Structures are given as C-alpha cells and as structure tokens.
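*Asks:* Protein chains in written order, with our numbering: chain R, 448 to 602; chain A, 86 to 860.
In case anyone wonders, no lab produced these hints; they're calculated from the structure.
The structure displayed is predicted, hence computed values, not measured ones.
You may find that some hints are simply not true.
Claimed, not checked - Now the in silico label distances, taken between C-beta atoms and shown as ranges: (1) R:K561 <-> A:R857: 46 to 52 Å; (2) R:G456 <-> A:K852: 53 to 59 Å; (3) R:E568 <-> A:E608: 35 to 41 Å; (4) A:P807 <-> R:E569: 27 to 33 Å; (5) R:K561 <-> A:N534: 48 to 54 Å; (6) A:E508 <-> R:E568: 25 to 31 Å; (7) A:D803 <-> R:E568: 30 to 36 Å; (8) A:M117 <-> R:G456: 43 to 49 Å; (9) A:S141 <-> R:G456: 48 to 54 Å.
Ideal Cβ placement from N, Cα and C applies to all residues, glycine included.
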Amino acid sequence: MKGSFLVNGRTNEWTFEPDATLLDVLRANGHPEVHRGCDEGVCGSCSVLLEGKLVNSCQVFAASAMEKDILTVAGIGTIHEPHPIQTAFVESGAVQCGFCTPAAILATLALLRKNPNPTDEEIHSALDGNYCRCTGYVKIIEAVRLASRRMSSHD
Amino acid sequence: MTDFSVVGKPVLKVDSLSLACGSARYTADYEMRDPLYLAFAYSPVAHGDIVSLDDSEARGMEGVTDVFHAFNTETELFTTAGQGYPEPSPYDTRLFNKRVRYAGEIVAAVLAGTLSEARAAAAAVKVEYAPLPTLFDPEKAMDKDSPSLHGEDGAYAPLPVPFRAEENVAGEVLFSFGDMEKGFADADFIVDETYRTHYTAHCALEPHAASAFFDEKGRLVIVASTQVPFHARRTVSRVVGIPAHMIRVIKPRIGGGFGSKQEIILELYAALAAWKYKRNVKAEMSRSEVFTAARTRHPMRVRIKTGVKNDGSITALDMSDVMNTGAYGAHALTVLSNAGSKVLPMFNKIENMNFVGRAVYTNLPIGGAYRGYGATQGYFAFNQHMDGIARRLGVDFLDFVKKHHIREGETSEVFKAIGEGTEGVSQIIRSCKLSECIDKGAEAIGWSNLRGKKIANGPVVKGIGAAVSMQGSGIPQVDMASASMKMNDDGSFNLYVGATDIGTGSDTILSQIAAETLNVPLEMILILSSDTDLTPFDTGAYASSTTYVSGQAVLRCAEKVRSQILSVAEKMTGAAPESLVFKESRVVNTATGEETSFSDIACFAMYSHDQFQIQASASFTGSESPPPFMAQFAEVDVDTETGKVRVVKFVSVGDCGQPLNPKLVEGQIEGATMNGISYALTEQYIFNSKGKMTNNSFWDYKLFGTLDMPEMKTIVVDSDEPTGPYGAKSISEIGINGPAPAIANAIYDAVGVRIYDLPLTPEKVLKAIRARTDG
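Extracted from the complex, chain R is given alone in its bound form (with noise of 0.2 Å):
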C-alpha cells in the first residue's frame, strides 16, 4: 500500500506492506538511525516520537502512523548542529557502542519537553523503556541531568 509519512518536518510518499510496522518503513526509506534491537516492543532501541509520544516504532504498524508527526534522531540535530541533548549525551560519556543512544535521546526529549526539570526518579521512570548493555546507566542519567540544566536555563 500506499501512504504518506510526515517524518523530521518532511513529507514522504512511501509504498510499504500492509502489515509493515513504522520501524521496516523508516530503516527502509532512509532512515538507519532507528533502530531495530529486539522487534518485540521491549529494548526501545526503535523508540521515536509520534505525535510527540514515546513510541517503539517495532510495536507501530506503519499504516497507523501515516499523515501523523513523527520524529527520529535526525531531527532533532545534525552532526554540525546537535541538539543540546546531543551534546550532553556525548560529553557525558553516555554513548558507548551509540545503538540505544538515538532512541534514548528522544526519550529524555520526550521527558523533558513535559517536565524541564525532572527529579532523578523521574529520570529513571521516564528511560527504563531504553535498554542500555554498556554504560550501566549511569552516564545517560548523567546526560539527562546535564540538558535539563542545560535548557531550563536556556528558556
């Protein structure tokens, strides 16, 4: 089938498979930087905001998200001009290996659009969807900690 697919603030006309979830149509159509770790809704490492919401985009059949606002990593900075939680992931230390870093990035987007500045338990509750095998953690809390401060005060 057919359908169009507002993905990063540009329209896509995209031919997909009925039963095709978001993640096959985005890593089939230019987008690498979601990723697939599990395909079964747990690791998060697919994770992408739908109309501004948290969603594994493995668990999201395609023909749901069309028409709708979907954001992955590319969008929200580039290598010339990251994003302020970009930056603060990477002086962090929090990106190792970098497979769950896209999808963890959006989720403390997500986070922090709806709450500048979270609490350390709001921080933990708001990435436990983003499975992490190198960092232990510690650093992407890190990483949180520092954008929060970094754009309240910003604002």
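Got chain R sorted already, so can you dock chain A onto it with the hints?
*Replies:* For chain A alone, kept in the frame of chain R given last:
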C-alpha cells in the same frame, strides 16, 4: 603523576557525536543494490541425525533463490571461534551438520528476494530426524554410558592440546605444584565447596548482522558486526573456499559485542550465498535467534577445596572445574583456562595448588567468549569460598584478602602453568593497587558501619559483601596488533589501526596515544580502524587486549613518525637535534627560539628536497599481560519473607594503571558492573526437558533497566603500569567479575545463607532462609 596533555584527560569519544546524531552506520544500515536475504531453519531436537531433508516446497515458494543445507553444501570441520591461528578451539562443526547437537542448531539457510519470503520458506523446509540420546548434565558428560557427541565425526584440535571427543572432553587444563597431600595434612581445617554458574547471553543491543556485496572489481566485501575482522576473513576464506585476496572485511560501528561477536557465524552464510550467486546478500539475526543461534556464557561447576591453618594461612588449594561448552567447543579450552589462570594467581602465597579443568560437550546452546571469559565464573566461587573461610577464622574478609593477595614485585606459578592452549608466560606484577582499591571501596560502601550489623527494617535485612578480581591485558606472546600512520600537509595525521572499536572507545584512546606522542590536539589524528584492505592487522577486540597491545603498536608507530618529523626539522633548520623539542604541532629550536610548524615540515618533506611522505608502521606483541585489579562492594536489602534481593548500592574500585581516558574507564567499569548485577540476579536461560530454551525473548529474559539500578559509585585509583602505553592496563572486562560474588557475600552477611548457584533468585534465597530456619 606524569603531566600529559591528551592522555589521562576525559576527551570526548571521537565517534560519539555521530552516534548521538544518528549519522553513524551499523552493519544492517548499509544500503546495497538489489540484495537477497538469508533466513535460517533450526533443529527442534537436541540430538539427532538428519535422515532426510525435503526442501522442495521451500524452493517452490515465491522469491526463493536457493536452500543450503547439509545435503548440498559440504564444508570441512572448523570452529566459529574468532581466535589466533591455529585456533585453540576444536574443529568440530560444519556450516551444516548432518548430526544436530542442540535445539536451535542451524540446519538450513534460505536465500530469497525478501526477508519475509526467506523466513516463510525456511519454515517450509521439512527435516526428518532420527533422535539420539541426549546429554544435558555436564557433570555426567564423561560417564561411560553418556552419549558421545563428537566421537564419530572426525572432530579434532588443530593445536596439540587435550581433546577427547569420545569422552565429550572439548578441552582439558591440568596443573599442579607443591605437595597437595602434605598441604592438606598441614591444615587445621579443610573447606570443600561446590559452586555453579549458569547460561546467560551477552545481549548486545545490535543483533548479529552481515552484509556481503561485490565491489566494482568483483571482490567480495563483507560488512559485519564483528570483533574480529581479520579472523573473519581468514575463516570465511577457509570454510567457504573463497581466496582470501578476494575478500575484504569491513567493521562499521558495532552495537556492542561483549564477546558475542568474537564469533564468525553470519559472515560465513552470507559469503556462501553471495559467492555462489554473485549477488549482494543481507543476513541479520532476530533477537530470539541471537539467544540460541549465537553464543552464550559457558556455565561452570567450580569446586574448591582449601586447607587452612588457624593462623589464617592457606596450606593447599585444589580447584576442580567442569565447564559446559554446549554442543560445540567454541572457546572451550581458553575460557576454561581463564577460570584458573585469571583467578588462582590472586592468592599467590599458596605453596600447594592443583587445578583440574574439563570443558565438556552437552546438547545445549554453544558457549563462547563473554566479558570476563571464565574469570567471572571462577571468581563467583573463589570470593564466596574465601568469604566463608574468613568468617570461619573470625577475621574480616577484607583483611584476609589483603593478607593473601598478590602484590607488586611478586609472581605466581600459575602464570607459567596456564596459557592459552600452551604453557603460560611467567611474569612479575609491576603494578598492583588492590589494597588501596579495597580500602577506598570499604570507605565508600561504609564497610565498618554495615558489615555484620544485619540492620533490619521489618522483614528486610541489610547486608554488605565484597569481591576482588584480576584480569589480564591481552594474551602474552599471542595477541599481535599493528598500526600505521601518515602525515598530511596540514600537519594532521591519518592513523590506521586493525584494532576493533565495538563501542569501547578504542578509536578514541588510540587517537589519544598518537596525539600525546606527537604533541598535537586530538582532532589532528584522523583514525580509521578495522578494514582488512585499508588497515594493518590486529587480532581483534578481545582478551582485554586493545589498550595494552594495540596501544603499544600505536605508540611505537607514532614514535617513528616523531623521529622522522625531527629529522626533517633538522634538515630544514640546520639545528642540532638536541636543541629541537616538540611543542603543540611544531618543532622549536631551543637555541634560537625558532619555531617550525608541523604543516611546514610535512610540506617540506612532500614538496621540497629528497621528497618523501612522513609515515611509519609498527607492530606489537605483549611479552606479558599485566592484570588490572578491582575490589567491588554490594549493599543489599534481603526480604526475608519473599527472598527478593535488592542491590541498594554498588561500589567498584579499579586499578587499570594510568587511565588513558577517565570517562571511558568509568564507562567500562559501570557497564560491566551493571551487566554483572543483572547476571547475578535476573538473567538466565530456562530450558524445557528437551533442552530447548523457553525464554528466548527480552520479555522473558530480564535485563536491568534504569528502574532496577542501584546507587553506583566508581573509583579509579592512581596507578602506573611501566610496560603499558603511557602506563595503561586493561579495564574492559574485569568489572563483571565482582558483582555476583559480592552480592552473594552480602546476602550471607544479611541473612546467613550461602547461595552456591547462580542466579541469586528470590526462590533460592527464600528456600535457603527457610531451610536454615527449619534446620
């Protein structure tokens, strides 16, 4: 401490911004024109001969190009373990075995136009099995009436190492020194205990993947999620029969390895299919396939018998290990070796020691390299055992460890006794700050306030426990790394290393070493790693080798470049060599104050007289393997009504020599620690009675997430390893060794029960508490 400008600083990981912005590419992200896809059919039986295989329905399905299996694809025996050559692992498997040896073994590979077509056709491959008796209990593997898994297929060890297929022995390690009989006779008491560790998975978030495509000259390019690109090329060439010069292996960014990708699996099937059809091929495991078709941590039974005198001295120690290597012997001998060689030198004053280790086959998933590599299994037993002995002596565990642990200037007979399939390499410890690690950790965890206090809050009782460990820094006289470097006309340097950054940060620390040596900012080092066409050789990312072994190769290479820069500067300025010094991308003549920029030096060499490019290469093999040391501490709350153990706080204190990048060092320790805590408490393979794993999904195999985290504290002590690059030793593996025994020791501290089997589940803890109460 030496004053460094780049080394020892928490400089940003060189690839981290590209990873954070999503511009970095992993194996499965590589786009290729018109690829075919691979999917696999797996054996549902744990042991049996394939009587017939009917692929006719699969071949008739839409999009199917071919179905590969044992009846149309014959290969020689080999090992999937990515190790030095010849490998210390037995050659006991083929791409498709006619006899299957565990539930989950690959029996066919389907090549089709889309992944869903390939998967549908794989499900349509009909295989008839003649079941054979199964062997699931490693401790019965050597029994006379147990089935022999590899006795009839010609399996052999390519190195002269013990291998007895008829007895299911995939590897054996024996050594002894002193007089055991006398040692035990001299003891006032003997403690004899048996511990067991379990099957677990690495759970790197990127599933294994391989993409094979053809370049414009018709050579096969394999992009793979690998820790061992050079071993992968060698093994693919040999097994699939493609000349090595026709293969290029590229390692892109890797989504974690932890040992799981020190194995050559998908590369082989992708190469087989691509080479036959001269088509581009993609292969990627699903999460459930990673659990059963990739590798695991070898479960181990560790028995320790120790003779102790009432004054606290140890008169003899006998360790006897049975390691379950599963259906095939990947890393069997060497993981087993490390359970002795990385553990027993810790208490080097013991004069009488015996080690008997056997790696045995069973009809269960295949073991492999996993962070800690046998030391994790051995230390689970060792630390609990010593905690128990200290308690029996009435002395503090930490004091007991400090009395016995190896120190600077000392050695252990174990270093010489056990190598990797050969005799070991004798070495003297030149850096060991373990006692400082213990003291700092004790303070951070509040040892003197909490130990033995059993502070209760309703049914929840608090306890603390500790564990110590050591690892290595590469395999001495085995691991080899190379680096090459060239200088560009702007004064920047291209650095080419075979070393394999799998998320560890080795691209960063190797760049730091080069930048430090050449007195340039980090951004003037442009690193390219792990491409068999473009970079020199390196054995790969394993054995905690990269910082020490690859780091020395880079250091030596950069020193050669440095001396070339100096001689060009001499020629340019006419200055005496002793008056020239390096200073921030330039050479300064101390006699005149004249400064010559690196850019001018490079341009002079390239464009002026006697032109040449400033460039060098270097290789390094360690003649020893300096161990990092670590002390780890757990504070736990044990719920005596449910048996649930919650880790409240965890402290890790490490000695890795000079940390080249403190932030990356902390990251390695924290990641390994969290993996170790999760390993200790929740992760485990659950098998049904037919040997099939029943929880091969992240829903049923519990990894720790952020809500499960304890308070974590990581401390790195001042240390300097004289043989290491800028004083560095390894840090990547060691942190996973301590959590399980530290938590088990803390459980004992809280409730007085010892859990001998991992994982430390509420069921086991509650059962032990009840047995103690009832008893």
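*Asks:* Compare the structure with each hint and give your call.
*Replies:* Consistency of the hints with the structure:
{"no.": "1", "hint": "R:K561 <-> A:R857: 46 to 52 Å", "verdict": "48 Å, holds"}
{"no.": "2", "hint": "R:G456 <-> A:K852: 53 to 59 Å", "verdict": "57 Å, holds"}
{"no.": "3", "hint": "R:E568 <-> A:E608: 35 to 41 Å", "verdict": "39 Å, holds"}
{"no.": "4", "hint": "A:P807 <-> R:E569: 27 to 33 Å", "verdict": "48 Å, violated"}
{"no.": "5", "hint": "R:K561 <-> A:N534: 48 to 54 Å", "verdict": "40 Å, violated"}
{"no.": "6", "hint": "A:E508 <-> R:E568: 25 to 31 Å", "verdict": "55 Å, violated"}
{"no.": "7", "hint": "A:D803 <-> R:E568: 30 to 36 Å", "verdict": "35 Å, holds"}
{"no.": "8", "hint": "A:M117 <-> R:G456: 43 to 49 Å", "verdict": "28 Å, violated"}
{"no.": "9", "hint": "A:S141 <-> R:G456: 48 to 54 Å", "verdict": "51 Å, holds"}
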